[in-house]
Each structure stands twice: as C-alpha cells, then as structure tokens.
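If you read the sequences in order, they're chains A and X.
Residue 1 is where the first sequence starts when you use the working numbering, and the numbers rise one by one after that.
Residue 1 is where the second sequence starts when you use the working numbering, and the numbers rise one by one after that.
Think of the hints as simulated: they come from the structure by calculation, not from any bench.
These numbers come from a predicted model, not from an experiment.
Among the hints, a few may not be true.
Quick list of the computed label-pair ranges, beta carbon to beta carbon [what the hints assert, rightly or not]:
1. ASP382(X) to ALA169(A): 18 to 24 Å
2. GLU339(X) to GLN244(A): 40 to 46 Å
3. ARG423(X) to ASP242(A): 41 to 47 Å
4. ALA91(X) to ASN265(A): 24 to 30 Å
5. ALA360(A) to PRO233(X): 27 to 33 Å
6. ASP331(A) to ARG434(X): 51 to 57 Å
7. ALA91(X) to SER390(A): 46 to 52 Å
8. LEU230(X) to GLU422(A): 54 to 60 Å
Every residue, glycine too, gets a C-beta built ideally from N, C-alpha and C.
2 protein chains.
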Amino acid sequence: MRLSRYFLPTLKETPAEAEVVSHRLMLRAGMIRQASSGIYSWLPLGLKVLQNIEEIVRREQLRSGAQEILMPTIQSADLWIESGRYEDYGAEMLRITDRRGREMLYGPTNEELITDIIRSDIKSYRDLPKNLFHIQWKFRDEIRPRFGVMRGREFLMKDNYSFDLDEAAARHSYNRMFVAYLRTFQAMGLRAFPMRADSGPIGGDMSHEFLVLAETGESKVFFHKDMDALAIPGDDVDYDGDLQPIVDQWTSLYAASDEQHDAANCPVAAEDLNSGRGIEVGHIFFFGTKYSKPMGAVVQGPGGDEILVQMGSYGIGVSRLVAAVIEASHDENGIIWPESVAPFRVGLMNLRIDDAGCTAAADDLYGKLQAAGVDVLYDDRDERAGAKFSRMDLIGLPWQIAVGPRGLKDGIVEVKNRATGERIDLSPEDALARFATAK
Amino acid sequence: MRLSRYFLPTLKETPAEAEVVSHRLMLRAGMIRQASSGIYSWLPLGLKVLQNIEEIVRREQLRSGAQEILMPTIQSADLWIESGRYEDYGAEMLRITDRRGREMLYGPTNEELITDIIRSDIKSYRDLPKNLFHIQWKFRDEIRPRFGVMRGREFLMKDNYSFDLDEAAARHSYNRMFVAYLRTFQAMGLRAFPMRADSGPIGGDMSHEFLVLAETGESKVFFHKDMDALAIPGDDVDYDGDLQPIVDQWTSLYAASDEQHDAANCPVAAEDLNSGRGIEVGHIFFFGTKYSKPMGAVVQGPGGDEILVQMGSYGIGVSRLVAAVIEASHDENGIIWPESVAPFRVGLMNLRIDDAGCTAAADDLYGKLQAAGVDVLYDDRDERAGAKFSRMDLIGLPWQIAVGPRGLKDGIVEVKNRATGERIDLSPEDALARFATAK
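Here chain A stands alone, though its shape is the one from the complex (with noise of 0.2 Å):
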C-alpha cells in the first residue's frame, strides 16, 4: 500500500482527552477515531490489527473443536424475562423499544438466545456436546466510559458457549478453553494469566479470568514465579484428550489479582511471590443448569429420560486486545506491534522523493516486496525524512526499510528492527530475500 493513497490520519499532538498509554497512541496512529462517548470507528491501520487479532481467535477457537455461529446485536427483552436476568442487568442494558413497542435490547452477552436455540434444535444426548462460538458486537452501557476501546460501550467480543450431558463432559467442554485461551493469548504475542475469579452477574461454579501482563495495566497481580517458566501447549494438543493434568499445573500456582489477593493469608511465600500489573482479556464460566433450568434446555437420554443441559460459557476481549497488545509492547517513540498482530510486516521509506534515483529504487523495491506476498507498506510522500522515521516509529511496523541516496551509492539499504532497534545495512536484493522467504 502506497501511503500517498492510504487514509493514515497520524497525529503529532497527543490528544488532552486519552488517559492510557494504548489510546494515546491509537488516536495518534490514526487507527481509531471516536464517534460518540465509548463508541469509535476503526480507521484503516486499527481495523487490519483487529481483523488479524481476530482471526487468531477463530483460528484458535475453530483448532479447539468450537463451531462458529452468528447471533444478532438486536435481541427481544422475552428471553431475558425468562432467565430472570432482564431487571438484574441494571442501566448496563441497552434497552430498546421497537416502532410497535416491543422491548428489545442490544446484546450485552448471549447466554440466553444461544440457550433459545439449543433447547429449540438440540434434542437428543447424541447431539451432545456442543460448543459454539460467535464473534459479534456487543454493547454495554459504561456510566463512565474511557480508556479508548479498553473500556468503550459498543466493543467487539469473541464468546462462546458449550452444552453437555454431565458435569464430567462440562469441566471437558471448560479444560478446552482454558488451554484455546492459553495458545490464543500467546499466538498475540502476549503473556496471559489465569486466575481464579468470582462469577459474577454470569452466575456459576467455576470461574477463570486471563489477564496479561503490562506495565500500565489497570489492576495489580500476584503470581508463583514458577507460573513464568510453565509451557504453553503447542500445536500438537490432543483437544479430545484428558487436558486436566495442563490445567491442574497452571491452577495448582498461586495467581490472583489485586481484588482477590490478600496479602495477610497468601498461601505463598514472599520470596516465591511475583507481582506486576494486568489487564483483562478473557473469562471463562462453568455454570451448570442456571440457564437450561428456568429456559427449559432438555435433551431425551439414553433412556428416554430428561436431562437438562449443562453449560459453561467463555468470552475474549477482542476489540480491547488492540489496546492490552499495545499496553504491553510499545515505548516512548510509539508502537511495537508484534508480527502476529501488526498491520504490515514492512515499512519501506523513500527518504528522497524528488532524487530520480532514489525513487526509482524505491518503487523498484516495493513492486518486487508486494510480488513477493509480503505485507508492506510504501512511505511515498513527499515529505522529510525525520517525519518520516517518527510516523513509522509510531505505528509500529515490525521492520522498517529505508532507502536513500547516501546508502544508495553503496549500493545498501537500512533494515531497521522495531523492537530492538538494531539496523543493518543489505543490498536491495538481500533486503528483499530476508522478507520474501518465510518468516
């Protein structure tokens, strides 16, 4: 992409209204801009990370044996009478009146409708077990919201819900998860933690939150040192194999965040204990009957019998993922995005546009990196070169190239790395072999 024709508003000024470092520099990288309080659009930059952040989820959610479905933002208040959770959401809820006056809501979550659709289309043991995710806009009504898309009303949220015969087959449908949302967290680039945490307004027996590792992370964690060397499974997980002794190895350290920790009566020993700053991206849910109970979610067992179905649900964070990924990998100049998630793998640079020579080498490049499958994006614009090398240290492309006439007479071009900030000096042929071959 020639940056002469993308739309990448970046801004030099750093916004009075953004609090956190992460909305800082999304409104400055021009990847999001606010539409109304706690709402934004995802301008071109913002929107590539999302996409690539969720598709790793999917990935990752599809590989764990998950189906995924689409529910809609709009539900009918019916379902949430039924649950009896339609007055306990409180002002949260975005209630909706339709033009004939019927009471609707904009989704804060899914337990009911998917509960509607499994006890309509699921009825028979055989059918079971289930589990089905969706990736969809979600809407909560913050008092306050801030932080960018950490904390925004109108976010995007990876949840999904599983459905068992028996509590055995459930913590099964739960010990899935709990490994996807390990993988999924790391596949970003990101340290994830789980935590035991309290159920909240889901309800439920058995709860995990994961929060990751930064900095500026909103709330403080305690965690066994030990939990730093403990491996993530690979690609060669079994999913239909016993995963409890994984998560008996994670479960069985201490981890806890500010709200649960208390120091007085931690099992640990000081010297053994972590400590460092989270955010939270995922939570998982075992729940039981709550929902198929007053729902009515049965199926006929083997022998004919009712049973009512057991279920656990699970959500990731995917729209504030953008923010913890850059809460967590990013320094003074701006951005650090790892090659996972980043928007473009290279930032190629024409530090002269008016030098014949250098263009020429430039566009030369450029052609041959994009036939070459890579993902780059092409600084084109007429512009200085210290701008330049600010904006691309800003929106944090994990390589940056630059070509200019001085290196240029020898025949070299400057490969620069975004997070170590080494440069090296390649001929436009070996900086083009180091990209075009595998990663």
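Following the hints, put chain X in place on chain A, whose structure we already have.
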C-alpha cells in the same frame, strides 16, 4: 467436518411462516433461525456462506482501490440532526436513548458518520481521492419484516463512500464501483444487471441499482436482449484507467424494473426486449455535496481556497445475497451452491456405518480429502442412505461422494454433481485426485 459433530439442524417439514423459497430452504437446511421478528441467528452452515460472500465483496472492493474501515452500529443522533435526516428518516430508524438521556440510533446507513470522519481528518486536496468501505450490521425497523434474510430488520451491508475534489473525479469513483459490482456478483455465480434508479432517501443526481435474475425475484425486470451477451471486465481491469467505455456499454442498453418500466413508452422494440424477475442486491449513488455542504466537509485546494468534497455512496446487501443466490440457484430438492460460495465443496457419505469395510474406506477417503485441503462435510451418522442423499441434496454442496458396500466390491465410489445431477463411478483414488487438484 464430521456430521456427527456438526451443528446442522435440518428440518424435514417446511416451516409454515416461510413464504419464499430461499427462506424455506435456509430454515430447512439449518442455516438460520429466527431470533425475533426480522432478526436471525446464523448457524454454522449459513455463516460459512455468509462469510464466503462477504469475502468476495471485500476482495473486489480492495481490488478496486477502496480501503476498509469499520464504523460502529450505534450512532449519535447529533450528526443526523446536522444533515437534516433525523426527522426525515421516519419510523424505520431504530431510535435509542442511552442511560444519560442522549439520543442515539442504530445506523441504517452511514453517510453522516463517514462525513464526520472525513471533515475531521482530511484537510487537503492532496488527501483525495478516497474511497472507504465497511461491512457492518445495519438496522431498519421494517413495518412488516418478511422473506427471512431477504427483508430482515438487522442485516449485513457493505457500504462505501467516495470523496473527490470535483465531479469528473467523482464520476470516475462511481465508475469504479459500477465495474467492481459487475465483477462481484459474477464471482458469486450470479447474473446481475445495472438499472437506472431513483435515489430515494439517500438523495442525489445519478444512481443505478443492480438486480440479479431469479425466477422467484421480487420485481419484474425488462432489458435489451443484447445485455445477456455483454462481457464482465476480467482480472486485468485497470481501475486507474478510463472505465467510462465499460459503463457506457452497459448503460446504453435499456434496462428497467417494473417501477420504472412503461410499456407504452419503451424505447426498445418488443422483439428486442427480454423480461424476467429480479432481486435488488446493490445500489450506487452519486450525490455531490448533499452531505458535505450541510456538514461542512471541505478541503483546502491547491490555491488555498476551500472546496466542498464531492461524494457518492455504494451499497451491497451481503446477508440478502445469501438468499438471492438460493433464489437464483435451487431445484425441488434443495439448494444448488455455486462453488465460490458453497459452505463445503464436497459432501462425503458413508452409506453403511455398520459395515466395517465401508466405514474404513469412507474414513480413509475423508482423511485424505482433508489432508489435501478439500473442504468436506462427512456424513458419518447412523442413518439410512435415503435420508443422507436427501439431506445432501437439500444443503446443496456442489459435489457428493457416496461410499457404499456394493460399489466398493467393484472398487468404486459414486461422485455426483449437484447442479447437473450427473453421476460417475470412480475409484476412491481417482475421486481423491479429482478434488485434490485445482478446481
């Protein structure tokens, strides 16, 4: 995917509420379920088709030079008051009051919001042209939602917006979309004709709607018989080049829906006039400064003067297209998916689960098809063969492979083309080779 694990709740009975064939087949094939009036949940099979169609739309938009963004579903009423459309839009607009008493709405379209982004972030003539698209859920509170996703209340639409410095450039932007639309519908296996149209509530000076031909279409259409022979621009189309000749070729031929057609004054001789039925799937508009003027979207020209931006907008009904494809491609047994949008390419059936040799052969072929990257749905359920054949015909996968004990005795499986009904006998190895190689 093994059918024994897949969530595919097909129905034997035709649901009474479905008036049109696409609605009936989408319900029977387990693609969608109604969540509330005019609002649907997409089940796994339906969502795969929706995603395939969305991806074709995205690909052709990007190819035409448009850039993807994502605006939110919930908008502030303020912008609509500014443009003067807040009252005009009437009861179809879903109006919402948030917890702080602010007037909000669920976007039925996005001219106001995109104009707000542009006026804030595009300041110079150098930043033009721009064409920004998004694929997002919309809501129109239809008084009488019907025909399933064909006329739902919550629906997925691709809409984009072009911004140009003058009318000539704006016409080029319009022509780009005209060509991109021809290509988009063709890529889904549809025959779509552009017809001059009223601008309706969007407003503007020039407008075409695109209708796909389907026997069961909602409106009657009339068109010059030569239209059938017109070529669709290929992959080598140059979107930066002059597209006017292509557009002229199409628009010089008569085409009109029954709303516009007047038999008494038709310029085409009766023997040159074809007629059929059509479904509107796209609509493009040029409207100049209709929104930029009231909302003050100006850029600084080369001489420092302020220039009002020239705009157009362009819509494709993404969720509606799923139904339109079915209306255009089905028979009495069910859906017939074009390969480019099919949820799976191949449906593999094990006709005798209780026959060890048959099951081993079917399992083996399934494993090999998967390993070769073929998207295959494998019916491994314990059911009689007749039910399996019927369901495969109903869900309409392009190719069926039946593995049964009798054929295996002769070393063959049966491969059926869903569209033509043609059946051929092949060895399992040849069947694999047929699908493992290029399409």
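Do the hints match the structure? See the list:
no.: 1; hint: ASP382(X) to ALA169(A): 18 to 24 Å; result: holds, 20 Å
no.: 2; hint: GLU339(X) to GLN244(A): 40 to 46 Å; result: holds, 43 Å
no.: 3; hint: ARG423(X) to ASP242(A): 41 to 47 Å; result: holds, 45 Å
no.: 4; hint: ALA91(X) to ASN265(A): 24 to 30 Å; result: violated, 59 Å
no.: 5; hint: ALA360(A) to PRO233(X): 27 to 33 Å; result: holds, 31 Å
no.: 6; hint: ASP331(A) to ARG434(X): 51 to 57 Å; result: holds, 54 Å
no.: 7; hint: ALA91(X) to SER390(A): 46 to 52 Å; result: holds, 51 Å
no.: 8; hint: LEU230(X) to GLU422(A): 54 to 60 Å; result: holds, 56 Å
In summary, the structure is inconsistent with hint 4 from the numbered list given earlier, while agreeing with all the others.
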